[in-house]
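All chains, please: the whole structure from these sequences, using the hints.
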Amino acid sequence: MKITRRLLGKAALGLAGAALLMQVPAMAQDRPAPFDKPGAVKIALVRYLSTGDFFQAYLSGVEAQAKALGVDLRVLDSRQDAALQADMVDQAIALGVQGIIIQHGLTESMKEAAQRAVDAGIKVVAFDVNVENPKIPQIEQSDRDLARLALEQAIKDNGESWKAGYVYVAGIAPLDRRNETWIEFKKKYAGIKEAAMFGTLDNPIANSVANQARSVLSANPDIKVMFAPYDEFAKGVKIAVDEAGLSQDIKIYSADISTSDIAAMREPDSAWAATAATNPAVVGQVSVRALAQLLAGEDPGRNVIVPPTLITQKDLIDKDIKNMEDLSAKLPQFAHADVAMPAWMPNPNAK
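Numbering (mature numbering (1 follows the signal peptide of the UniProt record, and there is no 0)) for the sequence shown: -28 to -1, 1 to 323.
Worth flagging that the hints you see were computed from the coordinates, not collected in a lab.
You can trust all of the hints, since none of them are fake.
Pairs of lysine-lysine residues, derived as DSBU-like cross-links and limited to a Cα-Cα distance of at most 30 Å, are as follows:
no.: 1; residue 1: Lys39; residue 2: Lys83
no.: 2; residue 1: Lys196; residue 2: Lys165
no.: 3; residue 1: Lys196; residue 2: Lys160
no.: 4; residue 1: Lys158; residue 2: Lys135
no.: 5; residue 1: Lys286; residue 2: Lys302
no.: 6; residue 1: Lys294; residue 2: Lys128
no.: 7; residue 1: Lys39; residue 2: Lys14
no.: 8; residue 1: Lys196; residue 2: Lys128
no.: 9; residue 1: Lys128; residue 2: Lys160
no.: 10; residue 1: Lys14; residue 2: Lys83
no.: 11; residue 1: Lys107; residue 2: Lys39
no.: 12; residue 1: Lys302; residue 2: Lys128
no.: 13; residue 1: Lys9; residue 2: Lys107
no.: 14; residue 1: Lys107; residue 2: Lys14
no.: 15; residue 1: Lys302; residue 2: Lys291
no.: 16; residue 1: Lys135; residue 2: Lys286
no.: 17; residue 1: Lys286; residue 2: Lys160
no.: 18; residue 1: Lys158; residue 2: Lys286
no.: 19; residue 1: Lys39; residue 2: Lys294
no.: 20; residue 1: Lys159; residue 2: Lys135
no.: 21; residue 1: Lys286; residue 2: Lys165
no.: 22; residue 1: Lys39; residue 2: Lys302
Every value quoted in this text rests on a predicted model; they were computed, and no experiment measured them.
Spelled out as structure tokens, the structure:
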């Protein structure tokens, strides 16, 4: 048989292909069971809130980490229907999933549903909803730090004495945690006066909050600061402030970030001065990683906390940050959180 360059090339390609095939299962085998068999694991994401850029980015993070692990992901969206969300946990159990991520919701409706999943032998993690179960890790954005960073910037910008409007809806775990920090700040700084508290989660959230904010601004013309610790709240407040022609008289401080938020903060004379945020896509990744650790027999910890970053209007303009990609590139601490990241865990952000 005559050995030609063409035959040698084919042989080399064949050997390379064989090597590649051998590497794929080897990579999987380096992971603990059940992740040593890609495709064998089925998990569900059961959502309460899904409206807004934050929740779309969170979902993209969940999907990216699930794909990196090779798991079968099912997404069940209750669209803020508490009873339906509880039913969807039962649907996930019936689908035969091994793990469930509960994303937001109300304690009273999700506590028993989460327990039913645990009783069925399913591993569960909860993001921003307190299901009052010691067997279920809580994924958090360090909500108290989110509020603290935003309020510290408000004091830096406006001093220690001002009247504030405050947007809050009780019963939502992250908002309740942020509210604890707001209460502490009012105690610490006697010059901060809460002139009005309002808020709603009625869809569309920003427009519904804007309707309330119009009345608040009309009744309280001496408000100088709006603390709106959720970006959909901040969007609504900004709509009302802009319509009232008060964008140079009032400053808005919030939590969370998205590309549309960045655009709103960068507008000339924007009232939106600062926000504190974690990367919602990273939080989604961490949620899946914590669940994967449970499925692998590891302990991610009772509270899995993703640290936040302060983002000011000045940062966005000075660093020419126009979208979430720019934010991750120019504020590296925002791009990845080394949380729930054992050595065997694949990183979907790795280049």
